[in-house]
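Please construct the entire structure, taking both the sequences and the accompanying hints into account.
Take 19 as the starting number for the sequence shown in my numbering and just add one per residue.
In short, the hints are calculated from the structure, not lab data. Hints are not guaranteed to be accurate.
Claimed, not checked - Straight-line Cα separation of at most 27 Å, DSSO-like style, residue types lysine-lysine; simulated pairs:
#1 113 x 135
#2 113 x 99
#3 135 x 99
#4 90 x 104
#5 115 x 135
#6 115 x 126
#7 135 x 104
In this text, all values refer to a predicted model and were calculated from it rather than measured experimentally.
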Amino acid sequence: MERPSRQRQRERDTERESDEEAITCPECDSGEIVTDADQELVCEDCGLVLDEQTIDRGPEWRAFNHSERQSKSRVGAPTTKTMHDKGLTTTIDWKDKDAYGRSLSSEKRSQMHRLRKWQE
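Next comes the structure, spelled out in structure tokens:
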């Protein structure tokens, strides 16, 4: 997949801007606004980012060779900004044991009870 050159991107931006109202930079009043590879509107003169796409759809892990890349996978639903917790929920189990299977102290049990109430 070939990325568009800076000139072709500039031509597309100019065509788009001619269809819409002209966008100018609030910092330097320049009309040289381009869209970069990350779909951000950037002023070409001063470098101010006017609009950015905040959703990172890339992997949250790194792989340095083919076997590592093959062993990594995504699980669960993607995060979303439309939910109060961004779709990242935690469920506190009703067992009074830690991650290693050991019993919790009475102090921790009462703390977990309070947290479970808030969770519900």
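Do the hints match the structure? See the list:
no.	hint	in the structure
1	113 x 135	holds, 14 Å
2	113 x 99	violated, 31 Å
3	135 x 99	holds, 25 Å
4	90 x 104	holds, 23 Å
5	115 x 135	holds, 17 Å
6	115 x 126	holds, 10 Å
7	135 x 104	holds, 21 Å
When held up to the earlier numbered hints, the structure conflicts with hint 2 and nothing else.
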